[in-house]
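Construct all of the structure, not just a fragment, from the sequences and the given hints.
Read off the chains here:
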Amino acid sequence: MRLRDELARCGSGMSLLLAVAWLAALAPSLPLGLSLGASVAAWPGGELTLGEPGGVLLLEALRSSARELAVAARLGPAWLCAAALVTVVPQGALAAQLAWPIRLPLLLALATATRRLPSLLAIAAAHLLSRVALVAAAVFFATMTTIVTSSRAGELVVFAIFAVVAAAIACALRLVADVAVVRALRADVGAGDALLDALGALSLRAFSEVLGAAALGAVTFGGAVWLAHEIGARTPAEAAVSATLRAGSLAALVAARAVALGVAARSAT
Amino acid sequence: MRARAAAELVAAALASMLALGWAGRVAGEGGHGGAAPTLTEPPPALPPGFAPYREVAPLGPAFDTDDAMPREAALVHHTRLVARLDEARHAIVGTETIAWTNPASVPVRELYLHLYLNAFKNERTAFLRSRLGDGRGSKMPREWGYADVKSVTLVDGDARRDLRDALERHSPGDPEDETDLRLTLPDAVAPGAAIVLELTFESKLPDVVERTGWAGGFHMVAQWFPKLARVRPDGSSSHFTFQRLSEFDADFGEYDVTIDAPAGYVIGATGKRISERATAGRVETRYAARDVHDFAFTAWSGAVESRARIAGVDVHLIAPPRHEGVIARTRAALATGLECYGRRFGRYPYETLTVVHPPPDAEEAGGMEYPTLITTGGPSLSPGAVKLTEALTMHELGHQWFYGLVATDEHREPFLDEGLNSWAEQGCMRELAGDGSALALPGVTVSVEALHRIGALSAGRDDVIARSSADAATAGHYARLVYSRTAALMSSLAGAYGPDVVERAVGRYTRGHRFGHPDARHLLAALDEVGGSELAEAARVGLFERGWIDLAVVDAGTVPRRSPKGVFDREGGRETVTTMDASGDHDVWAVVARRGSLELPVDVELGLADGTRRRVRWEGRGPWVRVTAVSRSPLAWVVVDPDHAIALDERLDDNALALSRGAPPLRLLERLTHAGAAATLLTLP
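Chains as they are written, first to last, in numbering that gives the first Met the number 0: chain G, 0 to 268; chain H, 0 to 684.
What the hints contain is simulated information worked out from the structure, not anything from laboratory work.
Treat the numbers as computed from the prediction; the structure is a model and nothing was measured.
There's no promise every hint is true.
Just the calculated beta-carbon pair ranges, DEER-fashion [unchecked claim]:
(1) E430(H) with L61(G): 21 to 29 Å
(2) D85(H) with L61(G): 45 to 53 Å
(3) V629(H) with L61(G): 35 to 43 Å
(4) P190(H) with L61(G): 53 to 61 Å
(5) L61(G) with P41(H): 26 to 34 Å
(6) A193(H) with L61(G): 55 to 63 Å
(7) V558(H) with L61(G): 32 to 40 Å
(8) E40(H) with L61(G): 32 to 40 Å
Just a few of them, taken from the derived set where beta-carbon distance is under 8 Å, the chain H residues facing chain G [unchecked claim]:
(9) D434
(10) V443
(11) T444
(12) S446
(13) E448
(14) A449
(15) H643
(16) L651
(17) D652
Just so it is clear, CB atoms sit at the ideal spot from N, CA and C, and this is done for glycine as well.
Right, dumping it as structure tokens:
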């Protein structure tokens, strides 16, 4: 059975899992975003921003966020476990389905993934690391572009370079994790066409990460520079355009991944 | 079978968690044995009305410049020390000759000697018994330190009298501690009369725990010799059990110190090097220091030293190898600091300054101040954006003024040195690095002021600032209240009454009381003298009464001006007006509240829909104020304290009220997309 068929076969189950995972990840992100924004949301538009010289308001925002998220912070380990589960289990299920020569219902795939717990735990660590790095890069860049309201294009270039480098490092970690998946599977069930297909697909997917990160960086960076030069001060219109650009960059990221996965599937047939 | 085993594993884990939780609850309820918990409360805070600063004689504007500043201290002692470093045992064998003159106005018969190194002698010392949480000085030494007085002799011409038996432990309420010794003299010493004491001693350094000790070939030799406690004008002594947060208090004197160390060791010390003599693999280095109240030195094998003339001062820098970058940054901080502190608080009076950057395995020796010698720190590869080395250097340099030259009682009133110095450091760091005095990333700057504000507010109103170091609840409390809250309070006073006013007041205090051992009354008196009673009272409330403040815009609105409608009884009879004529003007209003006990003047700014702004000053006395104005345009927003002048303002998210609701949803949308980006990156396969 070729990879394309496998992807099609397990697609619906994976979609469900990813939807749950997305919501689970969004849950802690939302209050963080809201509480960070609350400190400046009360101030008149364009009057003060988190990037005010001296950092008084920035630290105030972090302080109030910490206060408001105290409960969430105490649940940090729980969130971490949940994040591990929602990120690793789909990966394990996908890998198991790709590698198993017979059709497996979703629950069985999960059980199969669980059966290879030691391998999966090692993989989980690598995956988490790569994802944390990616998220850190994204959050850093997003925060910087939110904070910076001047027309200092040079500073934005520095942010963009940082974001792209961080994303590249994250992608490299991701590639290592993917290779670890394949090796673990190879050790368990032996080499086969499906495994080779999986290796090719995963490598291409890692490549897609780079493409996606570049798309994210380029679109957001371009938008931020344009905003800085064309609008200057922080205004509601600027915020709206910034939001649109960020949504656009996300769409570009998703599209780049979809294209890469499509290429991977085609190459595997 | 495996699935069952996994299920059993999960079940067992859950059971364990539940059991732990249950056990914790039982333990928390005190269901098992042991003594009943004890309650320890702080001593009563100083009552309102303490610090009768109005009784202090005014200094006068003469002290706004250096011209009238005292040039030298009244020397209470002349101390000669000969110290031989036993580098293998990390010990000092020494002799000490003290020619002491009674500075009090009454006869004195009891003197007190501090043996600070005994704080590291065993686990029962007050220092090592401290339960103050983590932080500096919280680790137990691997190798104990102690100081033994071998002999004490009273010398009167050719007559010598052994006083060893007259020396006894005297740590009030703490018989196990040996850091505070009482020496009862055979006869009282009359005011102005002098005696000579000779001591021999051996001081064993601990490995570096806090401030002093050794690490490999590095020796930071501080608080190392039997040291006379300061004698106050009333004849009492400023002696105390040395505790973890304690610092020092001593009389000014003159030191003549010979350090005998192995050849090849780099020596740096308080004062000026006056001679060097090599003898059989060792070197005797002699230092002289005048108008100082302590003497410390480093003897360090493998250090790199450099010398520079900075702002008219001979600076001796001693650091580990491969720290060139950090040393360059240290020099830059010193250049700014010596000029900045000198201009603000009186010129630096000494010819020399020694700066020691301890090695990485002796970081706890860094960040300390002694007369004309400071220790700094920071990793060799720390990024330039993070101003740790600069801030640390600037802080310790500032101590040359705050405690060093004024010589306040660090044990009893630590806010007068650490607190005022933290505030003073902010200003000089701003001169060095601008808004990014703590962190300077492209587009994001964080100042030392902002950091102190967060520290100050995290301590909240847990305790008064003006407490003895011995009464701090935790090391964290001490840091946040004494350092940060004092700094934030002074910043707030400067923001409210003007930076120039507060700078001039503190400058007058430091110049007028140079070498003078002032206390809180003298600081408040200077604030009163320069800035008026309201400034001094605000400072007193902030220091002694847990003063706090939260400024908030409570409500605001706009009412268009128009002719009134309704039923009116007029001369021509009752008239009912049903239509209104708009004048085009608007009555705009806002209510601003001041919560808390600190009354500070503050600006309120009104922003109108046409983009114009109006700013008004509120003296901040009542609990709230209504601000009104007539304008051609409706009110768009109100901000109280738009310049963040009041650093102690507990919340900033209530300082503004925007009547236009357009911006927040868009900002919210923007941030939601940020969250979405993070979530997507987290979960995409």
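How the hints compare with the structure:
no. : hint                            : result
1   : E430(H) with L61(G): 21 to 29 Å : holds (26 Å)
2   : D85(H) with L61(G): 45 to 53 Å  : holds (50 Å)
3   : V629(H) with L61(G): 35 to 43 Å : holds (40 Å)
4   : P190(H) with L61(G): 53 to 61 Å : holds (57 Å)
5   : L61(G) with P41(H): 26 to 34 Å  : holds (30 Å)
6   : A193(H) with L61(G): 55 to 63 Å : holds (59 Å)
7   : V558(H) with L61(G): 32 to 40 Å : holds (39 Å)
8   : E40(H) with L61(G): 32 to 40 Å  : holds (33 Å)
9   : D434                            : holds (4 Å)
10  : V443                            : holds (6 Å)
11  : T444                            : holds (5 Å)
12  : S446                            : holds (4 Å)
13  : E448                            : holds (7 Å)
14  : A449                            : holds (4 Å)
15  : H643                            : holds (5 Å)
16  : L651                            : holds (5 Å)
17  : D652                            : holds (5 Å)
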